[in-house]
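In case you want the letters, here they are:
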Amino acid sequence: MLKSLRFRLNGKLVEIEGREEQPVLDWLREEAGLTGTREGCREGDCGACLALLGRRNLEGTGIEWVSAATCLLALGELDGRALVTVEGLAGEGPTPVMKALHVENASQCGFCSPGVAVALSHFLLAEGPRDEAAAVASVEGNLCRCTGYASIGRAARALSSDFSGLPLDFPTRLAALAARGVIPPALAATMQDLPEPASAGGPGGSPPLGGSPPLGGSPPLGGGTDWYVRNTDPAPGLSPRFVGRDPELRFIETRGSGEGATVALGAGVTVADFFASKAVRAIAPGIERFEVLVASPHIRARATLAGNVANASPVADLTAMLLALDARLVLSGASGARELPLADFFLGYKKTALDGDAIIETILLPAAPRAFSFEKAARRERLDIAAVNTALSLAVDSGGAMRGVIVSAGGVGPVPLRLRKAAAALEGRKPSVAAFREAMLAARDEVAPISDVRGSAEFRKRVLGRLLAAHALRLFPGAFTAEELLA
Amino acid sequence: MKDRSAPSALAAVRFDPGDRPESLRNLTGATKYLDDLPEPANLLHAAVVPSPSGHGRRMRVDASKARELDPSVVVLLAASIPGENQMGTAVDDEPLLADGEWHYAGQPVALVLASSKRLARAAAALVRVTGEELPVVTDPREAFARGELILKPRVQSSGDLAGAFRAEAEGGKARWIVEGRAESDGQEHVYLETQGAIAEPVDGGLRVVSGTQAPSGVQKAVARVLGVPMRELEVEAMRLGGAFGGKEDQAAPWAALAALGAYVTGRPVKLVLSRRDDMRMTGKRHPYSTDFRLALDAEGNFLGLELDFYQNAGAACDLSPAIIARSLYHAAGAYRIPAVRAAGYMCRTNLPPFTAFRGFGAPQAIWAMEAAVSKAAEATGIPALELQRRNLLREGDLTHYGMKMEDCRAGRPFELLLSRNPAARLEAEIEDFNASHADRKRGSWVIPLAFGVSFTKLMMNQGGALVHVFSDGSVSVSTGAVEMGQGVGRKVLVVAARTLGIPEDLVRIERTRTATVANTMPTAASTGSDINGAAALAACEEIRKRLLAFAATFLGAPDNELSLGNGLVLRGGRDSGLAWKDLVAKAHEARVDLSAHGFYATPGLSYDMQAERGSPFAYHVYGAALVVAELDTLRGSSRIVRADLVHDGGVPIDALVDRGQIEGAFAQGLGWAILEDLVYGKDGKLLSDTLSTYKLPDMRFMDFPIDIELLDDAANPKAVLGSKAVGEPPFQYGIAGYFAVLEALKAARPGKAGFFDLPLTQEKALDFLDGGN
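Protein chains in written order, with the numbering used here: chain A, 1 to 487; chain B, 1 to 773.
Check the hints yourself; a few may be wrong.
[Stated by the list, open to error] These stretches of chain A come out as covered by chain B in the derived footprint (C-beta under 8 Å, 3 or more residues):
#: 1; segment: 13 to 19
#: 2; segment: 131 to 140
#: 3; segment: 180 to 186
#: 4; segment: 255 to 266
#: 5; segment: 276 to 282
#: 6; segment: 466 to 479
Derived from the structure by calculation, the hints contain no laboratory data.
These numbers were taken from a predicted model, which means no experiment stands behind them.
Glycine included, every Cβ here is placed at the ideal spot set by N, Cα and C.
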């Protein structure tokens, strides 16, 4: 529905009465006349609509810039934030990023090119490693049907070496990028702070202009990265509740101490926040290696953990991981708050324990460290929805026995599953071929997959067994061979 | 990993990005595509209502709910069409809007017009289409069994087939006869810009901006639907956001629908398909089911080949006859086989009409032939590389359709590739890896290429150009070529600049308009720069001739001493003192015509359809590719780890453009071979109808080393400036990806026979790994 919104677009303050539920992509193209941001798929899979989104960082200490698919971004999300489109980046002519792509002829039909340029600009702007692998990975959310990516890869590698010495702290890095023309200096000067939102309480906090309750309802959105895939043209009466951008809900904190300690993740915590978190990495050492298997850089920057859970997709990757980490949920609504194990949250296909206006306010993880493994079978290694996924976590006691084993699996039933029989086959035993083979057989018996576009039921059963074997090989390297486990 | 026996020739080619202003416009977001144009004030937006299922009749359309949503909504049905309700070009079997019966899920039934895109789409979703359901056939062999064929089967044959397949025991030479079935699935184009058109009433006629590879084809189709002369319609194609064949014939319905809306309402109408509608409503690469049979003598020489192509044509003819023709021509791949029988059956099913896609029937044939080679290597124990080398096409060979191979280069790239990757070293590379890795296996495959260039429909090998030299010396070039990222504009620009001897920045390539260059053919069949470049060359030569004649008078020099170069009139190769700009200005004053129309009809083509004999191609493009794949034997997933391509590109007009075409085509070919999975339900509905369910190559999939070497000393006398067509041929290199993965699978299960069911997905790989021998 119509809301007063104030944000910065390409460095200039914009104050409008806008349809908060409208995808930013449509607003840019139809209202703002900025057509360099393009619609390729309208579901976040192609990256042709990427723009840079400036927002408060997780810690609340400053600004962070992420690349965002504007087809999955509500206009209302911009209130009190800043957006930079390809036109803003190119405000003073082609930038070094664009020239790097240009000299490699990495723009053929050109339709995807602005999105690629935005993704690579973000690579230079963002924190994180700046090696060749990271440069190439930064365009994993961009589809190009012309180039075969070789020329884009060459350009990305050239940029990583040309900009290898960028300063680490954001203001200095931004200044360096401005000095070298990656960001026009005048624009860069606006990129270190955010405007005041039009609504005092931030987005979602402002009263509707008309005064009547929203006609289209108020679905709670984390990043909206899944909701907008299913609701490509939301009705004008809709007034989403932008949970994901409430600063009060974007936190990761350790509560309690000793054996009962938990790590609490707020509803606004993004997938990228999760994998970057020291507290999370302490629980599941090495978990960050699985980040690339989940969605794409621009989706991970906006999708929330709570949203991933609330969608109740049977193949949600983060949910499979959280199940194996023994997560509990705090559900909170007008009628109060309650806590329940994540495994009890799913009541049936796309049916959950959420009712009324309740949201998943907090996700709680036991803080005790566990060995952790995640596996996923999908058509494509990156940015694909799993046919089957699974996570396994356990501790090994002083006697070498596996304790507290949790096995999760997605895509093998109507909801994300905890495979209790498979876990029981391992519990209390020393890791052995026999134990894991029993777990694989047990898993096969306790799942009931269906056939669909991502794979047949038989394939899913078969691949699940192999993925469990992969867990075993990862967690106990050298202890046994794939051949023994699969024999 | 290995030392290079020869440095890449591409490294020596100067990649000069030059100014290429269009590339910088793309990258800064300044390029306008159809949907980026400013919208006229009274624009109506359109959406299409699809048929509800795969097959039905006694159709009823209830649009009352759509009109209730907003009374201004307009719903047009077949009865609204003033001219013929027909889009078919080869066969009249494709109504623009379904009328009474429907033949595939997603067939357009109604056009909905409204004041906004959102409203048009919402209203279209409320239109109810019902009727009597009829049985749905999706399998081409089932359609064949039911006699559902489009046109008559086509059969090409040569040599003594019975003799070729006579076994040694029966007094023949055939030591081995291998046979089998090769299944290849379809492929979605995924041009990043979806189909669309804008139609606007102008001066009593219509101006149509269409996202098409074939503006004249759209003009003709719209004229037929509206029942107006072609002169009343101007069709313009802007730069397309990719096409790959998908906008050759199948851009026309959307342009015709927009034009219908504008004709009926008198207002401009824009129709841009959503990704999902585009995927559900448009045709893709044809799925084929092919039977193969190959006879070999004791040394491994190919004696005879039989291929039966069951082409899944979908519900209407579309371009299927031209596509099956290219399959037949490429039945023997790059091999010489004395006796061949190749038969093609265009099977009518209840799927969207399958259509042109890069390769146009050749990939399906080359794939089946290569399956026969793979099976022959298994049966004979002779390495595939040896079979391939022994049987490669040679100079002077006659193909099974009677074309003499001249300037045949099948052997050169193959040998060069093997000199870069000697067979023994390649074998050792793979074996060493496999011996030292328990959970991973590698496999490799080399594929040779001989790809015929020309439209298989002979009359289509023609094109025109219009060149204006303005009085300030700058130049405008129009041709029938549509720029869709393949760089045809760039190539035509280079041709014009070189012919006129002027700097490239003096030349502008215009959008493609039917009132500027008429009766053009689709920009397709890799011929875009061959035909349009040659037409532009003809026009520029005509202007050059006039200008040099004028310069001869002006300078008082014999015109055979004069030439144009470096922006100057040269006399005996040296500056005559007369600059291009001055020459043009003075010629203009002297009333010399500074405009010319050029025309090109590819010479030397002939084909007798009755005899199935002739020379349908101007020349062939040759090459060879090595692909190495690695299989994760635990998970059944695989990835490509390296590729080495040797390609015959003639003398590239722009090596940077050609490199991009080779890399891009290779990626699409790999996608088709091992990744992209087009899934239709038994009810004929597309299940993989979004980019979240249909996965095409991404950066990670293609992130492996690719070496490309262009043949040197490769000038092609049959095309403009010694170049060769480049769009489609390298697609076939991706087919090697299938066999590389298959070889890795066979390394994991030694002794187990291969299977031929493309794409080679993880699911099929696990079936192979887990299944019995």
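Structure-based check of each hint:
{"no.": "1", "hint": "13 to 19", "result": "violated (count 0)"}
{"no.": "2", "hint": "131 to 140", "result": "holds (count 4)"}
{"no.": "3", "hint": "180 to 186", "result": "violated (count 0)"}
{"no.": "4", "hint": "255 to 266", "result": "violated (count 0)"}
{"no.": "5", "hint": "276 to 282", "result": "violated (count 0)"}
{"no.": "6", "hint": "466 to 479", "result": "holds (count 5)"}
The structure shown violates the earlier hints numbered 1, 3, 4, 5.
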